[in-house]
Amino acid sequence: MDADNTTAGPAIGPRAIATPSAKEAVLVANTPSFLLDRLRKDVAVQYVLDSMTPPEIVQALREALVRPVNDVTELVPRYVYLVALSTTDPQDQDIWKQIGSLDLSQLEWGEAIRRLIRVEAVPTTTIDLAIN
Amino acid sequence: MIIIELTCDSSDAPLPQYGLLPPGSRTLHLLDASGKYRDTTIELRTRAGNHIPNTQVWELSRYDWHVLGESLSRFKNVERVSEACPVYNCHGLTFGSRRTQVTPPVASILHDDGFDRVLSEKEVRPGDIVVYSDARGEVAHSGFVVWRKKLELVGGAESIIPMVWSKWGKGYEVIHAVGECPYLENEGDVFTYYRLKRWMPTTQPLAQQSALVL
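Protein chains in written order, with the working numbering: chain P, 718 to 849; chain Z, 104 to 317.
Treat the hints as calculated values from the structure; they're not laboratory data.
The structure displayed is predicted, hence computed values, not measured ones.
Glycine is no exception: its CB is placed at the ideal position from the N, C-alpha and C atoms.
Please note that a few of the clues may not be correct.
[As the list claims (entries may be wrong)] Examples of chain Z residues lying across from chain P (beta carbon under 7 angstroms, computed):
no., residue
1, E173
2, S176
3, C188
4, N192
5, C193
6, G240
7, A243
8, H244
9, A280
10, G282
11, E283
12, K300
Given only the sequences and the hints, what does the whole structure look like? Please build it.
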């Protein structure tokens, strides 16, 4: 994977996650929910989740969103970051506040996907039960 | 956010031709403060007169979107029949004559326009519409049946496969077998055929009938 120093913090760059399958998803999606479903299962999102914490993903997305989209390939990592946030623990109010504050006007379906992941967020808190 | 628009005062005066000016439009949309072209919407109605939500996306060129299509070669038997275009989507092709991106739900359009379900694939014929839905029942794609491909099976038997003309997102218009597309790859994805049988929309919703399940 190539590294792009334009994203601070995590050692993962936008170009690295613009995989062919993620590009295809952005190209062929007719609806926000289709794009969300496709990217959730994409290796690019899995790679982001394996490499970055939710605050790092939010930071990377925030930094990407302040830059203009010069070509369509630059849309892909933005959507990948956003969809990666769909696994965020809904009880983590701090991170959801940060997600809610993102200016997604640059992404045609950014707001719609944010609404979907907020509605569909499932608590990830686990309880370990031990039998003595 | 600041959006600047230049509007021509005289309806007779020709407007200069700019690359992303919608054909026939009297308004030239400039970049907003974020450097993004402003999306537009048009008046589009069903046969029953109800408004169809829609968006025209002017951002980026067909070449830009073409760059994303490298992995579509995995669909070996698909015939590409247009360049990529972000202005209209599959529903815009099926229900909007390529004018704009039509936003689901499409059930109300099918109802208002007078479509009925075609229950058997054997009865499907050119001109019918096929609508793809996911496991949650949300419509993901639509297109037209354009012909029926006859396949000879082992032992001399024959099978008929409906061939569909549809547009894949912001990408290309393609002709593909009904089962060969990105919208039928997950468990629970289904497709349903519709035919325009009625001259006038009814007041009754479409009957609940089973779809074809992958």
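Quick rundown of the hints versus the structure:
{"no.": "1", "hint": "E173", "in the structure": "holds, 5 angstroms"}
{"no.": "2", "hint": "S176", "in the structure": "violated, 10 angstroms"}
{"no.": "3", "hint": "C188", "in the structure": "violated, 11 angstroms"}
{"no.": "4", "hint": "N192", "in the structure": "holds, 5 angstroms"}
{"no.": "5", "hint": "C193", "in the structure": "holds, 5 angstroms"}
{"no.": "6", "hint": "G240", "in the structure": "violated, 11 angstroms"}
{"no.": "7", "hint": "A243", "in the structure": "holds, 5 angstroms"}
{"no.": "8", "hint": "H244", "in the structure": "holds, 6 angstroms"}
{"no.": "9", "hint": "A280", "in the structure": "violated, 16 angstroms"}
{"no.": "10", "hint": "G282", "in the structure": "violated, 16 angstroms"}
{"no.": "11", "hint": "E283", "in the structure": "violated, 13 angstroms"}
{"no.": "12", "hint": "K300", "in the structure": "violated, 25 angstroms"}
The structure is inconsistent with the numbered hints 2, 3, 6, 9, 10, 11, 12, although it conforms to all the rest.
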